[in-house]
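**Student:** So the protein sequences, as listed, match chains S and D. All letters in the first sequence, in the order written, are residues 1 to 324 by our numbering. All letters in the second sequence, in the order written, are residues 1 to 321 by our numbering.
Calculated from the structure, these hints are not laboratory results. Fair warning: this is a prediction, and the values are worked out from it, not measured in the lab. In this text, a Cβ means the ideal position worked out from N, Cα and C, and glycines have one as well. Any given hint could turn out to be false.
[Stated by the list, open to error] Computed beta-carbon distance windows for the label pairs: (1) S/Lys-126 <-> D/Leu-141: 45 to 55 Å; (2) S/Ile-58 <-> D/Ala-118: 24 to 34 Å; (3) D/Ala-118 <-> S/Phe-204: 27 to 37 Å.
Here is what each chain is made of, one letter per residue.
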Amino acid sequence: MPADTTATAAGVIHDLGYRRYDGPRLGRAQIVRALAWHSFRSAFGFGRGAKAKVIPVIAFVAMLLPAVVNAASMAQGNGQVIGYDTYQPLLRDLVMTIFVAVQAPELVSRDLRSRVLPLYFARPMKTSDYPLAKYIAFTAACLVMIEIPLLLLYLGTIVNVHGGAAVWAQTREFIPGLLVGLMWAVVLAAIGLFLASLTGRRAFATGMVAIFFLATYTLAEILLQVENHGLRQQAAQAAQSAGPGPFHIVPPPVPMAEKISGLFSPFTLFDGVRMWLSGHGTGQSDNVLYPGSFGAVYAVVLVVLLAACLAGLFARYRKAARLS
Amino acid sequence: MTPPQPDGEAGPVIETVALSMVYPGDVTALDGLTVRFAPGVTGLIGANGAGKSTLIKILLGLLEPTRGAATVLGLDCVKDGMRIRQLVGYMPEHDCLPPDVAASEFVTHMGRMSGLPAAPARERAAEALRHVGLYEERYRLIGTYSTGMKQRVKLAQALVGDPRVLLLDEPTNGLDPAGRNAMLELIEKIGEEFGISMVVASHLLGEIERICDHLVAIEAGRLLRADTMSSFTKASQTLVVEVEDGLAKLERELARRGLRPRAYQRSLLVPIGGDDTYDAVRDSVADLGLPLSRLERRRHQVEELFRDDSADLTLEAADAG
């Protein structure tokens, strides 16, 4: 450190008990890393009281259960019951909704509430480094929530299969599953942090995130039914106006309506993109049906959603730096 | 030992040149402010809304000024904001502490954010909390602290990164008189004993007087006056006379002797014409048999900064020409 402490000044300071720091200083990247690590820990309640660990621990254990059940089942000679691509869809949707809704505010709303942000902004980093560190941390936390259970599923499966070929086959299914998990984590973290950063009140933030996921999911489901209902009515009307003639050709747009409905919720988007990329559906465990080439639209909407949330998150803190 | 920087000792800690800040909506916070802050403790004084906080934000490189330039330790506030923030500690005016974290943990984290590695951050956090008098209580949650203790934590987090300059925004905010005194003593100690230059923003003139070496007064974003504390409070050509009783009688007597006394609060102010002024006052008091309680040359009060009629206070405003 360049310091203007002359020999005498340093001596005086030493006598009075104040010691200057002339050791190494971390650069901006390392400060961001320290903040990300601190935030990652707080996503699981570490560095907080015992109460803060309750929800993340329960959520994590719940996510592990299917993998444990699968391993136990396979040990008794049954086949694999859980897939790497969708894991246990309903459980994963629900648990990740809860985890993001409860823990995203832990990362960002607390700091807004206690108005600690000006202290961060007054430190040797850029304004955008704060949301960046939070985003890295929360993406990593979501990855832990999603990928560790997948890893356990993989390990529990390969100890029960025999032969290198079987293990290789498992590995080939496992890797796309990891990538799907990455997609989930990257998008969920962005949505959760952006929404949570809008308010310093934790309960509001949690409610907002939870309502966003539940409402969009419900909307997607309702639209699906309304579309189907409307189309059925159209078909019935068409049939009526044509009279009891011979067989009428009813156009089959139902799948398209269903595809469009799937655009309204992150979880249906995840499924749509996953199936589009893999080139096949996986049956009844999906939220939406195989979208075919329409899957590209799913991908575009998902990327736009991600970009919008990240842009919103960073804009939020640019504004905070000016006003705080 | 690193050699002192060429202009480290004598040069200004902070310098602004024609600094203007106009917020969207045509709100002018700073209006052509040109001022230098010398090493030591400088009071930045002004009413609420005078532009103190805006100036601090510009100095930290968090706001880009509309016009003009500012430097801290010779570093440009617009270009070298990051470097400045490495050398400057900032204590905001408002609450900025999480209630559910222990003070030691919070200050350690803030030390990390100042660029200290993990172990030094812990050490320096403990030390900073000791310096502000919170060593014993450092493991308590901040939410359980009194207002005075919270202010000390705010100061400790500004101190933890070993800054060369401290910017303190209204450090006595919300404190009772005792807490106020304690905080001011602490600031004085840090300035004198730790050798850290400080800018103490305040709207309370009386406080600034006690702890500052220099004073910068701003009003409506413009420089009102900037000088050393001693020149503000230097002895004036006025005598202060206080008697326990019979002030009006004394005033008449002094006027009769050709002096021009002026009642001020519970004393008389008498312009000094020469040594015979003292004699005249002494004789008047003695003749009337009044109980004299005070007779001294008056020192200027900082309050007079804002009074237009303080004729012999025309001090030179710092002009960066």
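**Student:** Just tell me: holds or violated, for the beta carbon distance of S/Lys-126 and D/Leu-141 against 45 to 55 Å?
**Tutor:** violated, 31 Å
**Student:** Could you check the hint for me, namely that S/Ile-58 and D/Ala-118 are 24 to 34 Å apart, CB to CB?
**Tutor:** The hint (24 to 34 Å, Cβ to Cβ) holds, given that S/Ile-58 and D/Ala-118 are roughly 30 Å apart.
**Student:** Using the beta carbons of D/Ala-118 and S/Phe-204, state whether their distance is inside 27 to 37 Å or not.
**Tutor:** About 34 Å separates the Cβ atoms of D/Ala-118 and S/Phe-204, which means 27 to 37 Å holds.
In summary, the one numbered hint that this structure violates is 1.
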